[in-house]
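A.B. asks: So you can see what is in the structure, the chains are spelled out below.
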Amino acid sequence: MSARTHKLINRPDAIVAEMLEGFCAAYSDIVQLTGDRLITRAQPKAQGKVALVIGNGSGHEPAMVGWVGPGLFDVNIAGEIFTAPGPQRIVEGIRAADCGGGVLVCVSHHAGDRLNAELALELCEAEGIDNVELVILYDDISSAPKGQEAERRGTAGLFFVWKLLGAFCEGDCDLAAAKALAEKVRDNTRSLAMSLSSCASPITGEVMFEMAADEMEIGMGLHGEVGMGRQKSLSADATIDLMLPPILEDLPFAAGDEVLVLLNNSGSLTLMELFILYRRVAQRLAEAGITVYRAWLDAYATTQEMAGFALSLCRVDEQLKALWDAPANGAYMKQLPPDAKDS
Amino acid sequence: MSARTHKLINRPDAIVAEMLEGFCAAYSDIVQLTGDRLITRAQPKAQGKVALVIGNGSGHEPAMVGWVGPGLFDVNIAGEIFTAPGPQRIVEGIRAADCGGGVLVCVSHHAGDRLNAELALELCEAEGIDNVELVILYDDISSAPKGQEAERRGTAGLFFVWKLLGAFCEGDCDLAAAKALAEKVRDNTRSLAMSLSSCASPITGEVMFEMAADEMEIGMGLHGEVGMGRQKSLSADATIDLMLPPILEDLPFAAGDEVLVLLNNSGSLTLMELFILYRRVAQRLAEAGITVYRAWLDAYATTQEMAGFALSLCRVDEQLKALWDAPANGAYMKQLPPDAKDS
Amino acid sequence: MHDLTAKDLADLIKRMAGRVLAEREMLNRLDAATGDGDHGSSISGALALAVQKIGALAEPSPQDIWLTTAKALLNGMGGASGAIFGTFFLKGAAKLKDVERISQADMAALLAAGLAGVQARGRAQVGDKTMVDALAPAVAAFAAAADFPSAWRAAADAAATGAESTRDMLARQGRAKYLGERAIGHADPGATTIALMFAAAAEPSP
Amino acid sequence: MHDLTAKDLADLIKRMAGRVLAEREMLNRLDAATGDGDHGSSISGALALAVQKIGALAEPSPQDIWLTTAKALLNGMGGASGAIFGTFFLKGAAKLKDVERISQADMAALLAAGLAGVQARGRAQVGDKTMVDALAPAVAAFAAAADFPSAWRAAADAAATGAESTRDMLARQGRAKYLGERAIGHADPGATTIALMFAAAAEPSP
Ligand SMILES: Nc1ncnc2c1ncn2[C@@H]1O[C@H](COP(=O)(O)OP(=O)(O)O)[C@@H](O)[C@H]1O
Ligand SMILES: Nc1ncnc2c1ncn2[C@@H]1O[C@H](COP(=O)(O)OP(=O)(O)O)[C@@H](O)[C@H]1O
Ligand SMILES: [Mg+2]
Ligand SMILES: [Mg+2]
Ligand SMILES: [Mg+2]
Ligand SMILES: [Mg+2]
Chain A
1 MSARTHKLIN
11 RPDAIVAEML
21 EGFCAAYSDI
31 VQLTGDRLIT
41 RAQPKAQGKV
51 ALVIGNGSGH
61 EPAMVGWVGP
71 GLFDVNIAGE
81 IFTAPGPQRI
91 VEGIRAADCG
101 GGVLVCVSHH
111 AGDRLNAELA
121 LELCEAEGID
131 NVELVILYDD
141 ISSAPKGQEA
151 ERRGTAGLFF
161 VWKLLGAFCE
171 GDCDLAAAKA
181 LAEKVRDNTR
191 SLAMSLSSCA
201 SPITGEVMFE
211 MAADEMEIGM
221 GLHGEVGMGR
231 QKSLSADATI
241 DLMLPPILED
251 LPFAAGDEVL
261 VLLNNSGSLT
271 LMELFILYRR
281 VAQRLAEAGI
291 TVYRAWLDAY
301 ATTQEMAGFA
311 LSLCRVDEQL
321 KALWDAPANG
331 AYMKQLPPDA
341 KDS
Chain B
1 MSARTHKLIN
11 RPDAIVAEML
21 EGFCAAYSDI
31 VQLTGDRLIT
41 RAQPKAQGKV
51 ALVIGNGSGH
61 EPAMVGWVGP
71 GLFDVNIAGE
81 IFTAPGPQRI
91 VEGIRAADCG
101 GGVLVCVSHH
111 AGDRLNAELA
121 LELCEAEGID
131 NVELVILYDD
141 ISSAPKGQEA
151 ERRGTAGLFF
161 VWKLLGAFCE
171 GDCDLAAAKA
181 LAEKVRDNTR
191 SLAMSLSSCA
201 SPITGEVMFE
211 MAADEMEIGM
221 GLHGEVGMGR
231 QKSLSADATI
241 DLMLPPILED
251 LPFAAGDEVL
261 VLLNNSGSLT
271 LMELFILYRR
281 VAQRLAEAGI
291 TVYRAWLDAY
301 ATTQEMAGFA
311 LSLCRVDEQL
321 KALWDAPANG
331 AYMKQLPPDA
341 KDS
Chain C
1 MHDLTAKDLA
11 DLIKRMAGRV
21 LAEREMLNRL
31 DAATGDGDHG
41 SSISGALALA
51 VQKIGALAEP
61 SPQDIWLTTA
71 KALLNGMGGA
81 SGAIFGTFFL
91 KGAAKLKDVE
101 RISQADMAAL
111 LAAGLAGVQA
121 RGRAQVGDKT
131 MVDALAPAVA
141 AFAAAADFPS
151 AWRAAADAAA
161 TGAESTRDML
171 ARQGRAKYLG
181 ERAIGHADPG
191 ATTIALMFAA
201 AAEPSP
Chain D
1 MHDLTAKDLA
11 DLIKRMAGRV
21 LAEREMLNRL
31 DAATGDGDHG
41 SSISGALALA
51 VQKIGALAEP
61 SPQDIWLTTA
71 KALLNGMGGA
81 SGAIFGTFFL
91 KGAAKLKDVE
101 RISQADMAAL
111 LAAGLAGVQA
121 RGRAQVGDKT
131 MVDALAPAVA
141 AFAAAADFPS
151 AWRAAADAAA
161 TGAESTRDML
171 ARQGRAKYLG
181 ERAIGHADPG
191 ATTIALMFAA
201 AAEPSP
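Protein chains in written order, with our numbering: chain A, 1 to 343; chain B, 1 to 343; chain C, 1 to 206; chain D, 1 to 206.
Don't take each hint at face value.
Quick list of the computed label-pair ranges, beta carbon to beta carbon [as the list claims (entries may be wrong)]:
1. A:241 with B:123: 40 to 46 Å
2. C:59 with B:145: 51 to 57 Å
3. A:48 with B:287: 51 to 57 Å
4. C:94 with A:213: 50 to 56 Å
5. C:94 with B:187: 35 to 41 Å
6. A:13 with D:126: 33 to 39 Å
7. A:187 with D:127: 31 to 37 Å
These aren't lab readings, by the way, just hints derived from the structure by calculation.
Quick caveat, the model's predicted, so the values are computed rather than measured.
In this text, a Cβ means the ideal position worked out from N, Cα and C, and glycines have one as well.
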């Protein structure tokens, strides 16, 4: 089974510039394109609040451009395809985001993202920009064993952090509290991904890696990183029965817990499949005595048209539930204020 | 280029039942599953309002299950894969939706949808259910020539009707006014689709139709219906340059017009591509003196993992702009109330 | 042959359902070439549902048989073809109010009403590559025949010829219409079903 | 050979950039086997940017040359490799404050500071299948040599051997780490780039 090789682009070296131009033109009520490929809010946050910044490689849309807006990020620094932006651009993003309450730089743990963010913080220090903090986030249980959580990669479960942290930073909090909240959500989140297919690199048009039509891989990363090995494809229920137990054991999630659930489509999986997969997740969680507070099935972090998904769970308490329910208005993440929902 | 053949399902004959179960479990704050595969609102509309019903074949998710909720549909009747539901089920949907203000049955023009809705209305008459109207909606300029608009198929442009009509029916209007509003939006909407790939039938696992890796087809319908013929794949800009002019000429859209724009992903196109395509749409519309009020780039009506898109334009006036901005809370269509957007 | 009773009609539907079920895969393959590959499964499923529903009726009238079949097709099949095949029985059922025994002339009128309903609803003409290409000649041949057995036989032959004629047509209704030239060379599955149903009707009742 | 001036350093970067550019496609192919196929394009693009930025400097100091190269790599390249290659020059540049002429011992200290920075940042050890496998032996060989020309020569040879040694390694850093066994049999692109850069340094200056 081969991946689609013709992409509707113009020139490989113009992909990022043109896509950001198109995106910001389409959603000019929410975002604007400023400086060197910075996506910032159309209406900045009020003075004195903690601002949230994230840099990441492009090619994972709507991550993270679609998550800039009220209740979410203040600035996103878009890198080249699957390549973290360099430190100088991150510093620019920090400057653009700062509204006097400090800036929290969020990093989804991948080497490039971490190294460049660390360099950016060193530059900030050298340039006298203070009140900037870094938080490293990870959730993928397949990328390092229990006990070595800090070595794990970031994947779709971090969308829980983005949503809850975004809501938290609309309120009155300081930078230390924001960082602590991000870590709290991270430490209550676990994810595992799988894929049925490869995809073509938008730049070269070449298939990123080979995969047989009847194979699947559990634990595959957002760039096709190997996980726990290939195996024959299973049914929806059997796939969940394989993936959910290690997630539950890892935290561990236990009877009586309340959770948020995310099934993230990595590109060309269908909603039909996500719905059928979720049915099994709901059954198994009910059996385990775990209550789902809200579920969330869509394509948030994609790897082009890869056919796969990530299953993420986040254990929540009253504080996190309230943050979940708080409004958000990114181009690709919207949450209505509770009182407007049944208008 | 072959389509993915392994789907994450359990049994072909259980697809629809299982996916509806999973969907309604995931979004139980918005929808519920009642009767024979009826998706209804979790909180019904207030008494006396006009209710909106639509039946359609499954396999196009989030159409239309994701569009049931405040500001949108009251009831969706999900058919088998790519198969309109039968008339008796539509009558049940009408009964479930009725809240005293009459029921408008919306039909996206395809033979199966129209025939079954007509039969349902005959059954309603026979059973003494009155105050029910049918409105047939179409937008695809490739499926019949200008002058024979009523022969055209329904495609992604109808999402303008759903959004605007949904908002309209939250207000105080009667059934005739609702039908007139639907027709007004329809008569100001035009669409054209294209595809780069086929997809596999979720039931048989067979590729629905063959397409070469370097081919595209302009005008392809939501089930792979032939359009204006195959040709070699083009760049993003060249594709828009080919598709936009016939859309503009058909209505015609003219300098000074204000429009809503929708780029609908038919499944496995990437947002990256939609953004790059939109950039060109925005450029060409600006050249033509046409103003974009809002744009909207996402997967609303899909054909499984088909790689293609539809471009839709809707000419708007002050009434339609206000309806566009009104809140909506479907699982896959959310619009924040204007005052909550910059919270 | 005597006039038909409700029991004969129930038997007729059962034979039709059996014959179509036996050819399910062939019909699916025909539909895969010109449509979405489900015709054999959906029509055989809906006819099986009709047989089951009829079996559950206590002392049904002829109208009950025809109406039950109509509803099974309309609701059990869905889509355009459910509406089309269902309408055929629905319109026939309207002719059966208070009728106990059905003569050949009654049956001819029933079939004609069904055909008229199908064409009113689906707008297909002969030559459009649909089930109408088998149904229209079958209904005409049935009416022209002298008695029951020869009427079914003549109708079955006409339906078979009509179904076969769809092979070289360009479709103007149904999903195949969107295939353009690509549909040429394949017989229409709905027309083939009609031919099978009339062939089953022409079999001697067991 | 005399101590190096700012002009010599600018010349050195230019030769490195030229040599890497000449092998761009080879480096892309190496990276395609173990990573995402962009290493040749990104490193050659960033080095070309460095040459251009250096060319635009009026009377640059040695530190300006090294710092400009660092920034071009950090910001023009992005990703983990931009941070790694950029850090190499950034840490070297810190040693060049107020330095006008660079002896072989100065250069050895510069390279050692760069290597230490790379390893502190990227945590790669020799044997992890990264550019460190070429850089570490090159830096050691350079320091052990008697004078400039022989130091560059020794470093170039050591880098080439080091790069070649990565072929049979399992990757423990970089994208190739996620390939597991599949990366074996392919030399590391970053290590190959280091070998090319030292080879360029060892060429006689024109
Ligand atoms: N408008 C119509 N009039 C008459 N027959 C029709 C019409 N549309 C479709 N059909 C018949 O329906 C058949 C297809 O049936 P089926 O495959 O069950 O439905 P679907 O096309 O919805 O999958 C066609 O072969 C054709 O004979
Ligand atoms: N942690 C690290 N330490 C040292 N070198 C590294 C590290 N990570 C990556 N590299 C080097 O970077 C090279 C890949 O560079 P490049 O392809 O430009 O970056 P990317 O992997 O982001 O596409 C690898 O071949 C390796 O030599
Ligand atoms: Mg890269
Ligand atoms: Mg069908
Ligand atoms: Mg069919
Ligand atoms: Mg690379």
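A.B. asks: Now look at each hint and say whether the structure bears it out.
C.D. replies: Hints and how they fare:
Taken as a hint, the range 40 to 46 Å holds for the pair residue 241 (chain A) and residue 123 (chain B), whose Cβ atoms sit roughly 43 Å apart. In this structure, residue 59 (chain C) and residue 145 (chain B) meet the distance hint of 51 to 57 Å, their C-beta atoms being roughly 55 Å apart. A hinted range of 51 to 57 Å is violated for the C-beta pair residue 48 (chain A) and residue 287 (chain B), which are about 43 Å apart. Between residue 94 (chain C) and residue 213 (chain A) the CB atoms are about 52 Å apart, so this pair conforms to the stated range of 50 to 56 Å.
In this structure the hint that residue 94 (chain C) and residue 187 (chain B) lie 35 to 41 Å apart at CB holds, the actual value being about 36 Å. A C-beta distance of roughly 35 Å is found between residue 13 (chain A) and residue 126 (chain D), which places it inside the suggested range of 33 to 39 Å. Taking the beta carbon of each, residue 187 (chain A) and residue 127 (chain D) are about 33 Å apart, inside 31 to 37 Å as hinted.
In this structure, the one hint that does not hold is number 3.
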